[in-house]
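Novice: First to last, the sequence lines map onto chains A and B.
First residue of the first sequence: 368, per the numbering used here; consecutive thereafter.
First residue of the second sequence: 3, per the numbering used here; consecutive thereafter.
Hints may contain errors.
A few chain A residues that don't get close to chain B, going by computed Cβ distances all over 12 Å [to be verified]:
#, residue
1, Arg405
2, Ser457
3, Thr459
4, Ala485
5, Trp498
6, Ile520
7, Phe596
8, Gly613
9, Pro614
10, Val615
11, Leu691
12, Phe712
13, Pro715
14, Gln718
No more than 16 Å apart at the CA atoms, straight line, and that leaves these computed lysine to aspartate or glutamate pairs for EDC-like [stated by the list, open to error]:
#, chain 1, residue 1, chain 2, residue 2
15, B, Lys188, B, Glu176
16, A, Lys524, B, Asp149
17, B, Lys67, B, Asp26
18, B, Lys218, A, Glu517
19, B, Lys67, B, Asp22
20, B, Lys218, B, Asp22
The set of hints was computed from the structure by calculation and includes no laboratory data.
Everything numeric in this text was worked out from a predicted model, so none of it was measured.
Beta carbons are placed, not taken as given, at the ideal position from N, Cα and C, and that holds for glycine.
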Amino acid sequence: MDLTFIIFLSSGLLLGWSLGANDAANVFGTAVGSRMLRFHVAAVVCAVFVVLGAVVSGAGASHGLGRLGEINALGGSFTVALAAAVTVYSMTKLGLPVSTTQAVVGGIVGWNLFSHTATDPAVLTKIMGTWIAAPILGGLFAVVLYRVTEYFIRVVKPHALWLDQWTRIGFLVAGALGAYSLGANNIANVVGVFVPASDLESISIGAVTLTGQQRLFLLGGLAVAAGVFFSRRVMMTVGKNIVTVGPVGGWVVVVAHSLVLFVFSSELLQTSLMRLGLPRIPLIPVSSSQAVVGAVCGLAIAHGWRGARQIRWSVLRNIALGWLATPAIAALISYVALYFVQNVFQQPVYQPVIASLGM
Amino acid sequence: MAELKISPFRRTRILASQIDEMLDIVSQAALAFRHAIGHYIRSGWDETAEVKYRQLDEFESRGDKLRSTIGQTLYTEMLLPDTSGDVLGLLSSLDRLLDDMEHCLEVVRIERPEIPPEYHDGWLECATMAAEAVEQVVAAARSYFRDPRAARDYVHKIHYYEKETQRTALQIIEQLFQSDLGLDRKLQLRGHVWLIDRLADKADDAGDALAIYAVKRSV
């Protein structure tokens, strides 16, 4: 791994750090915010499983993102990741809700425009479709999970203290699954744009062999894991903005969110669905923030009219506006930054692709 | 001395059994209170009444200790983070009921009021209704921990027994002041009736608080 590559990769690692600092709250926010888990316990579990998810199962969603735009020069990868990181950072600073996935997609589209690479409308539609599907799916999962959990509690009638104990264990298990899914699904956002331009080779550490791509995902995963330890403030506030969520409700939200990420990143699930002749679920990075917002709304709606009335619609409107603005802003920043990197810093940001006819 | 760490499961089991013990104590105290008053009306303050009083005194001391231990564990271990305040409020209400029952008997023990026979039935009914209100608080509290939706089934019974206690108490006081007893005895007996009525009032307050706690837990 040469120094140039590490310098270029720094923007991806920065993006990974900010993803950890923001999105870890989607996994463990309700648990830490409701004081069911201590922050350091949540952070350690989250960090370990994010890295595992990234290295073991990160490839699926990464391929999906690569189809949107194969950034073929390190300078381009660096700039796109930087544009996404700047977008996420600025919008977070302004207090606007932001999705890392959307920022990266916007950045790639900006690169496509700059490098005159055609953006595949089918792939773009598929990705944008998940921006609607993820929150809806999160909401549906939350409604079903809430109903099942409520029925279970009503039938079993556990003592409040035992329910508290089970919820804590549930938070740890669901959080570990959520962190694994976050690593598997969102690592593509962090270092996915570096995959086509990376020349990392496979290495063996004892009995474990890591491919070049897995080494890249490991680095990205470690950056996300480092960011997790800076997410305490976000964790303490998440889940309280849209509606107030109790411990059991918080657990439902975490599981629903984790399932959404799992569905969009599991190659095993995709293969199983194909075998059963069911429609394929695209393996692409989805926004964990969108999944959480959908799950929280689903939970409120599961409480009926009383719950729906508690939703702070103005907050929800701001979130939706943020979702529209993020990719547009990221695309613009990416386009402008690519121009500067190419013309001011004299770095190649793309390599022209010569079309060839297969014989 | 190094703090002994116990597993979360064992800690939960111990705490749940402490809460159950607290509820058992209040329920037994209500029974002891009813028996003590009934016995005093029939036979005056003798050895049996003294035994019942000592029993109540022990229940009250144990209740104090349990409330403090449970509260400390809840806060130091961050258990029931969203409802620990309610649980502590509930335990405090139960402890106040223990205090009031003990105080009621203590005053009888000190003053040994002479209750004229024509008031015996009403007096016993008044004490029985107040003790029943306390027992319904215990039932509602048990329900709060396992099935909060069902707690309201007991809360309306608490209201009923409180109203009955008040009705009987007022009846006795009215009759007392229409009687030929001396003012000093009228005032003394009225004071004792009021103590029993206050016990039912406290049970009613605990029931109102429980109704709100139960709604919060069901959401």
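Novice: Evaluate each hint against the coordinates.
Specialist: Structure-based check of each hint:
| no. | hint | verdict |
| --- | --- | --- |
| 1 | Arg405 | violated, 8 Å |
| 2 | Ser457 | holds, 35 Å |
| 3 | Thr459 | holds, 27 Å |
| 4 | Ala485 | holds, 52 Å |
| 5 | Trp498 | holds, 31 Å |
| 6 | Ile520 | violated, 9 Å |
| 7 | Phe596 | holds, 21 Å |
| 8 | Gly613 | violated, 6 Å |
| 9 | Pro614 | violated, 6 Å |
| 10 | Val615 | violated, 10 Å |
| 11 | Leu691 | holds, 33 Å |
| 12 | Phe712 | holds, 52 Å |
| 13 | Pro715 | holds, 55 Å |
| 14 | Gln718 | holds, 55 Å |
| 15 | Lys188/B / Glu176/B | holds, 10 Å |
| 16 | Lys524/A / Asp149/B | holds, 6 Å |
| 17 | Lys67/B / Asp26/B | holds, 14 Å |
| 18 | Lys218/B / Glu517/A | holds, 15 Å |
| 19 | Lys67/B / Asp22/B | holds, 14 Å |
| 20 | Lys218/B / Asp22/B | violated, 21 Å |
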